[in-house]
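*Asks:* Keeping their order, the protein sequence lines are chains A and B.
Each residue of the first sequence is one higher than the one before, starting from 1 at the first, in my numbering.
Each residue of the second sequence is one higher than the one before, starting from 1 at the first, in my numbering.
Hint data in this document are derived by calculation from the structure and do not stem from the laboratory.
You may find that some hints are simply not true.
Stretches of chain B that chain A covers, calculated by requiring three or more beta carbons in the stretch to come under 8 Å of a beta carbon on chain A [as the list claims (entries may be wrong)]:
#1 53-60
#2 76-86
#3 230-240
#4 313-320
Beta carbons are placed, not taken as given, at the ideal position from N, Cα and C, and that holds for glycine.
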Amino acid sequence: MSSEGRQNRETMLGPYRVLDLTDEKGLICGKTLGDLGADVIKIEPPGGHECRDLGPFYRDLPSGEESLYWFAYNANKRSITLNLESEEGQDLLRRLVARADFVVESFAPGYLEKLGLGYSALSQINPRVILTSITPFGQTGPWRDFKTCDLVSMALSGYMFLTGDPDRPPVRIGFPQAYLHAGMAAAAGTLVAHYHRQLTGEGQQVDVSIQEACAWIPTDSAIYWEMNQVLEERHGGARVRPTTGARMKRIWECQDGYVSFDMYGARLARNFMTPLVSWMAEEGAAPDFLKEIDWNTFDYFAAPPELVEKVAVPVGRFFAERTRKELLWGGVARRCCIYPVATPRDVATSRQLAERGFWADIEHPALGAGVRYPGSCIRASETVSGVFRKAPRVGEHNIEVYGEIGLTRKELLVLRRRGVI
Amino acid sequence: MDKGKQALQGLKVADFSWFISGPLVAKFLGDCGAQVVHIESGTKPDNMRSTLPMKNNVPGVNRSAAFARYNSSKLGISLNLGNPKGVEIAKRLVAWADVVVENFSSGTMERLGLGYEELKKVNPNIIVVSMPMFGHSGPLAKHPGLGSQLADLTGFGNLTGWPDRPPVSPPGAYTDFISPYYSIAALMAALDYRHRTGKGQYIEVSQYEAGAQFVAPLVMDWFVHGREPPRTGNRCPGVAPHGVYRCLGEERWCAIAAFTEEEWRSLCCAMGMADLACDPRFVTVIARLHNREELDKLIEKWTMEHPAEEVMTLLQKAGVAAGMVCNGRDQNEGLHLNARGFYRDLEHSEIGRHRYLMPPFRLSKTPGEPSLPAPCLGQHNEYVYREILGMSDEELVRLINESVFD
Chain A
1 MSSEGRQNRE TMLGPYRVLD LTDEKGLICG KTLGDLGADV IKIEPPGGHE
51 CRDLGPFYRD LPSGEESLYW FAYNANKRSI TLNLESEEGQ DLLRRLVARA
101 DFVVESFAPG YLEKLGLGYS ALSQINPRVI LTSITPFGQT GPWRDFKTCD
151 LVSMALSGYM FLTGDPDRPP VRIGFPQAYL HAGMAAAAGT LVAHYHRQLT
201 GEGQQVDVSI QEACAWIPTD SAIYWEMNQV LEERHGGARV RPTTGARMKR
251 IWECQDGYVS FDMYGARLAR NFMTPLVSWM AEEGAAPDFL KEIDWNTFDY
301 FAAPPELVEK VAVPVGRFFA ERTRKELLWG GVARRCCIYP VATPRDVATS
351 RQLAERGFWA DIEHPALGAG VRYPGSCIRA SETVSGVFRK APRVGEHNIE
401 VYGEIGLTRK ELLVLRRRGV I
Chain B
1 MDKGKQALQG LKVADFSWFI SGPLVAKFLG DCGAQVVHIE SGTKPDNMRS
51 TLPMKNNVPG VNRSAAFARY NSSKLGISLN LGNPKGVEIA KRLVAWADVV
101 VENFSSGTME RLGLGYEELK KVNPNIIVVS MPMFGHSGPL AKHPGLGSQL
151 ADLTGFGNLT GWPDRPPVSP PGAYTDFISP YYSIAALMAA LDYRHRTGKG
201 QYIEVSQYEA GAQFVAPLVM DWFVHGREPP RTGNRCPGVA PHGVYRCLGE
251 ERWCAIAAFT EEEWRSLCCA MGMADLACDP RFVTVIARLH NREELDKLIE
301 KWTMEHPAEE VMTLLQKAGV AAGMVCNGRD QNEGLHLNAR GFYRDLEHSE
351 IGRHRYLMPP FRLSKTPGEP SLPAPCLGQH NEYVYREILG MSDEELVRLI
401 NESVFD
């Protein structure tokens, strides 16, 4: 859809304001509420938030105003500075809370209470307010004060145990994911609480545990243990059926990298083996035994290991002689799922994303350049969502936002000198 | 079932989805108090019903714990959408519902006669969330797919593994656990919009585009610099130690990371090697990064003498981020998760008493919980068709005879 079309429509969350006190653990929550049109105010300590130090950096200039990580998860936010540890700062926050609909934070449990800014204090100022708290292990329980980081959360989730080559240690996804899951769970939970508030007038606290968000990711290892006392293991780029021990490759070498393909039969066969084998046959690459298998009744849970290995030989040869592009688009033409194991370049240059107008080019006047952001993954018939404004510079909107609660420029200067903003 | 006040009490959801991403959306809504009807074909039910594990390895359409994981708090009906009368009944459910959830390949709902324009005719204010793999436009729109492979297409596969080896690709349907949050956020926002304006709408959440949000900085890095990150195993730029270390026992591991000098010194003390903190090889982070392999060996020498749980607890008590690498058994035993009531046991008629997970957000006044075990195929036909749609005995019998519920 054209950018003009977008401007003519309303957003879903236009009337609402969010105060974003999060660090890395929750940045994506406010970003997503902003995609849906909420007015999100990022509150940073004077001098700028520590998350501005997370790379990669624009043109490799490691400054707080050049972090691409910051850009990605702070677009659609305005920024103000506020020293939460000073009394005057706390007073300013209270004044902001009185006019806010949501507060999102990711401090250690108990920190805001210590400052007199916990849920019960905030709800006295604004009974409708929703306070969303994102923490490593939640607000309660024996581990509530334990620390985490991406590696630790992914380890505890059970997902890492299943990821990696069996002869090496378990491995995490090579770009931090745990906080993004928690941040998005927070966005969902915050708006569930909002639905309830709009009907009843009642605000509340939303407790998001990064551990619990990550516990959802491993599809079936916990239930394999619960149902059958079987421990799933990690098998690198393959899938091993606990039923037969058959090792089915998921990641296959091709001419210019790797492709992802699953040897599914039965009902899934029409997306996988049936069209692949007929494509191989067209090109004279399907041995007779392969053509004779009835993929519609092929049970991938029951297929014996020898058969699986035998099938993998001509399939692997077929892939090895072709490029990722040939396999993707040849597969698309035959409704067969062979996907490139994509690099960021493949995502950035995806025909699919380009044709859907997914990318948003946003000017960054201070950089003297535009930066290309991923657009919103939500499209709606009556309303617009997307990247409406670039990620803010430190305190870029102090005058604007504090002006809205009645502070004059003179007062702001005083507060600045006193290290409050 | 009255479970006290719940956030989404009174919200009605028609869930046409299958596999994981769509069912998870409807499950979370159901856990939060919405009334959810999960609609399945009686002859070609949700594929998850044939997905292992089955209780005690005995196969059966109602015995999959994989299906159960994503379908608590739902009423289950069977309905033949290949039959025109089945489509008419589906529309009656849409007329009843506030929200429709579906994640078929693009174009399927239209082919069934259940496209948005048709649904609006029976319910002008309906909110539909559609979760196609790639969206409803573009060259891949009509292409089928599974979340397990979408994770590779989105870039997670290639990022994961070791620099000297091929990528290992995260297992399972990774992106299926990303798009549901966007769908729920959009649905709740659309309900608010409807509340204010009276207008429903059609929402499209492309699972591919949802996944792309989770690698955004890397893609932006490519746009700016044309650069692609190498695979780095468990390393983290500028941090040492940061890794997964072998512990006592078979396949027991603990993740350990020290981000600050204080954490580094605490780690040394906790390991009983306080001297290490002043060792010139490790005294600064630059030195530690330089001598990372040596450092990892020293740490692992210590961890190998202790059980993973003990390493974790000891280090956490010293203020260092550490976490054992949980296997399926550890996940079940999860002391802290259990203390927080993250798991809820429910009695399922064929699986027996088993475990359901809470949504990953806990609302202080309306916490919600899995209220019903996953439905057996067609388990609630009678209730839904009779009580919700108001069918008479006569109509029910006639439709049964016409195979409309098959």
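*Asks:* Evaluate each hint against the coordinates.
*Replies:* Structure-based check of all given hints:
1. 53-60: The restraint on the segment 53-60 of chain B holds, since 5 of its residues have a Cβ under 8 Å from chain A and three suffice.
2. 76-86: That given contact is violated, which follows from only 0 residues of the segment 76-86 of chain B lying within Cβ reach (below 8 Å) of chain A.
3. 230-240: holds (count 6)
4. 313-320: Since 3 is at least three, the answer is holds.
Going down the numbered hints, you'll see the structure goes against just number 2.
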